[in-house]
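There are 2 protein chains.
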Amino acid sequence: MASGGGDNELEVSNKQVIFKNYVSGFPKESDMYLNTNGTIKLKVPEGSNGLLVKNLHLSCDPYMCNLMKKPISSTTNSFEPGSPIFGFGVAKVVDSGNPKFKKGDLVWGKSGWEEYSLITDVQNLLKIEHTDVPLSYYTGILGMPGLTAYSGFYDVCSPKKGEYVFISAASGAVGQLVGQFAKLLGCYVVGSAGSKEKVDLLKNKFKFDEAFNYKEEPDLDAALKRYFPEGIDIYFENVGGKMLDAVLLNMKTHGRIAVCGMISQYNLEKLEGVHNLVHMIYKRVHMKAFVFSDYYHLYPKFLDLVLPHIAEGKIVYLEDIAEGLESGPAALVGLFSGLNVGKQVVLVAQE
Amino acid sequence: MASGGGDNELEVSNKQVIFKNYVSGFPKESDMYLNTNGTIKLKVPEGSNGLLVKNLHLSCDPYMCNLMKKPISSTTNSFEPGSPIFGFGVAKVVDSGNPKFKKGDLVWGKSGWEEYSLITDVQNLLKIEHTDVPLSYYTGILGMPGLTAYSGFYDVCSPKKGEYVFISAASGAVGQLVGQFAKLLGCYVVGSAGSKEKVDLLKNKFKFDEAFNYKEEPDLDAALKRYFPEGIDIYFENVGGKMLDAVLLNMKTHGRIAVCGMISQYNLEKLEGVHNLVHMIYKRVHMKAFVFSDYYHLYPKFLDLVLPHIAEGKIVYLEDIAEGLESGPAALVGLFSGLNVGKQVVLVAQE
Numbered sequence: 001m002a003s004g005g006g007d008n009e010l011e012v013s014n015k016q017v018i019f020k021n022y023v024s025g026f027p028k029e030s031d032m033y034l035n036t037n038g039t040i041k042l043k044v045p046e047g048s049n050g051l052l053v054k055n056l057h058l059s060c061d062p063y064m065c066n067l068m069k070k071p072i073s074s075t076t077n078s079f080e081p082g083s084p085i086f087g088f089g090v091a092k093v094v095d096s097g098n099p100k101f102k103k104g105d106l107v108w109g110k111s112g113w114e115e116y117s118l119i120t121d122v123q124n125l126l127k128i129e130h131t132d133v134p135l136s137y138y139t140g141i142l143g144m145p146g147l148t149a150y151s152g153f154y155d156v157c158s159p160k161k162g163e164y165v166f167i168s169a170a171s172g173a174v175g176q177l178v179g180q181f182a183k184l185l186g187c188y189v190v191g192s193a194g195s196k197e198k199v200d201l202l203k204n205k206f207k208f209d210e211a212f213n214y215k216e217e218p219d220l221d222a223a224l225k226r227y228f229p230e231g232i233d234i235y236f237e238n239v240g241g242k243m244l245d246a247v248l249l250n251m252k253t254h255g256r257i258a259v260c261g262m263i264s265q266y267n268l269e270k271l272e273g274v275h276n277l278v279h280m281i282y283k284r285v286h287m288k289a290f291v292f293s294d295y296y297h298l299y300p301k302f303l304d305l306v307l308p309h310i311a312e313g314k315i316v317y318l319e320d321i322a323e324g325l326e327s328g329p330a331a332l333v334g335l336f337s338g339l340n341v342g343k344q345v346v347l348v349a350q351e
Numbered sequence: 001m002a003s004g005g006g007d008n009e010l011e012v013s014n015k016q017v018i019f020k021n022y023v024s025g026f027p028k029e030s031d032m033y034l035n036t037n038g039t040i041k042l043k044v045p046e047g048s049n050g051l052l053v054k055n056l057h058l059s060c061d062p063y064m065c066n067l068m069k070k071p072i073s074s075t076t077n078s079f080e081p082g083s084p085i086f087g088f089g090v091a092k093v094v095d096s097g098n099p100k101f102k103k104g105d106l107v108w109g110k111s112g113w114e115e116y117s118l119i120t121d122v123q124n125l126l127k128i129e130h131t132d133v134p135l136s137y138y139t140g141i142l143g144m145p146g147l148t149a150y151s152g153f154y155d156v157c158s159p160k161k162g163e164y165v166f167i168s169a170a171s172g173a174v175g176q177l178v179g180q181f182a183k184l185l186g187c188y189v190v191g192s193a194g195s196k197e198k199v200d201l202l203k204n205k206f207k208f209d210e211a212f213n214y215k216e217e218p219d220l221d222a223a224l225k226r227y228f229p230e231g232i233d234i235y236f237e238n239v240g241g242k243m244l245d246a247v248l249l250n251m252k253t254h255g256r257i258a259v260c261g262m263i264s265q266y267n268l269e270k271l272e273g274v275h276n277l278v279h280m281i282y283k284r285v286h287m288k289a290f291v292f293s294d295y296y297h298l299y300p301k302f303l304d305l306v307l308p309h310i311a312e313g314k315i316v317y318l319e320d321i322a323e324g325l326e327s328g329p330a331a332l333v334g335l336f337s338g339l340n341v342g343k344q345v346v347l348v349a350q351e
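Residue numbers (full-length UniProt numbering), protein chains in the order written: chain A, 1 to 351; chain B, 1 to 351.
Don't read these hints as lab results, they were simulated from the structure.
Careful, some of the hints might be misleading.
Treat identical chains as interchangeable: a pair holds within one or across any two.
Derived PhoX-like pairs: lysine-lysine, alpha-carbon spacing no greater than 20 Å straight-line [unchecked claim]:
| id | residue 1 | residue 2 |
| --- | --- | --- |
| 1 | LYS127 | LYS160 |
| 2 | LYS288 | LYS252 |
| 3 | LYS242 | LYS270 |
Model, not experiment: these values are computed from the prediction.
Starting from the given sequences, assemble the full structure and let the hints guide the process.
Here it is as structure tokens:
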């Protein structure tokens, strides 16, 4: 459906995943809908220094369910009811009002869940320079989850060779990378996940030393004592709640906890209590929450490390690709019931 | 009651506070008893490199109630049933088997709750060089609580001028010092305590900007929002539980929590749940538990800072002195019901 004036004024159809209204508890597919009636001009408005991009790959990430809730304060973000949801994605520049980008550039950063987006906040948009890897990797291993894993493990955890590392939600986009970084450094690495298939992946594909299915462990404390009889030096926290409580009983002196996420808590009406914080004192535990966006300055150093490892097959990476924007809501919601195996991506369009 | 052979073999009466048996929940006075039948030779045994000391001041500290519980693992300490309890104290060397100390030296460090102690582990015993202050100060402002406040505030919290600082159990030995350090640095300082008398002290004697009685605040979150409308940069955590939960809702981005103690949790049969840890992620909060003994290397630097401030009256310090070893059990147990005002010390003997 093209209409309008000259070439530059081309207006095309623009399918969008629209957010219906604030959610409490678990998000459902029906909290979003596909709008097929929208159109967009493939041109940056006069005077704007933004970009008009064609979205190629969209990323499904756990933090996104927090954006479905009513903002808890003026400093937190939420999706806007009636507007497309947004997240990280890989896109191609169709028109640029910004001297840093030109038509044809590939970028990754925050974009909308729609075929085309007008991006006005280009500050944290990164140009993709290395294209000898699948472009979808920039939603994962080379994008936000990659930089999250890198900065969380190397900066927050201050890891040393030989240390004992535990990762929860370990088969997710971030966890699988943290585990591989830790193995490359010479750590002992155990991961937890929520299915036999994921546990097999951790052991066989990602080469963790051990992995277990937390759903089959009635006593998480006992499970951790089995895998870490001498205790845990580093816990990479993705789930929170009961797992954190069990971990706190098993930390070694001067242990470090990098708090990356607490997916078990995001969809609860009432947050679970963590009872064993007092054990932080007995073991002088250091617990730090972080987000990758405080670490953009490390991105070039991160690429220098990870690109050769990918090329040499020393780091493997698994994606779960849902095809078509219309499959997006189901893919996103599936994250919270653990349906995806590997990094969940939505393929909107081939380049 | 002196008996025995020559002068060096002098045996004297040695009253002791004996630990009866492991406690669960709140310790009571009756969990200890005074043994008045003991004797001790005022001489270090042949071949020992320990010290025989006369105890002058003994320190009552919150962590001691943890020593009354059954050890939770092989790496935790407990008092030994049937033996004297122990803690920090100021003592005078009566006989020395160690070249680093001589008879007449004043020391502070770990000693027994008794009139005389044989100290075999002298590694963390410090010689008192500055005696132009009350010797009891070495159980508090110049001892373990002082170094705790100093290392916790300056090292763990990385404070900056103008930051917003909240201290719980603020009238205690550590809290009153942290608040004064923070004021000296130019921070805005609010403290919580459990009585009107303590709140008045915080405001009038220790010059906190504000203070409140947590027992009179049905909604701690609302109280903190009143005192910190823009949020908290630094929380010096002494209590845990509900207070921590309320604080987590009010931290600023990149806020820091120094976990010094969680006195509200020490005597509970079942630990309270902390529900708002997920807010650490939203604000990238850094929470670190620490103990002063990791910071002995900072002790000289700490003295350089604090001694002139004491001399000039820029730091004030309040003690609550119980006279006589026999008053020790009541003084110690009183800590946990908040009876003491200022640092609780037991005076065993004048120098």
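Here's how the hints hold up against the structure:
Taking identical chains as interchangeable, the C-alpha atoms of LYS127 and LYS160 are never at most 20 Å apart, the minima being 33 Å within one chain and 36 Å between chains. Proximity of LYS288 and LYS252 under a CA criterion of 20 Å is satisfied in both settings, with 16 Å inside one chain copy and 14 Å between copies. For the homomeric pair LYS242 and LYS270, the shortest alpha-carbon distances inside one copy (14 Å) and between copies (15 Å) are both at most 20 Å.
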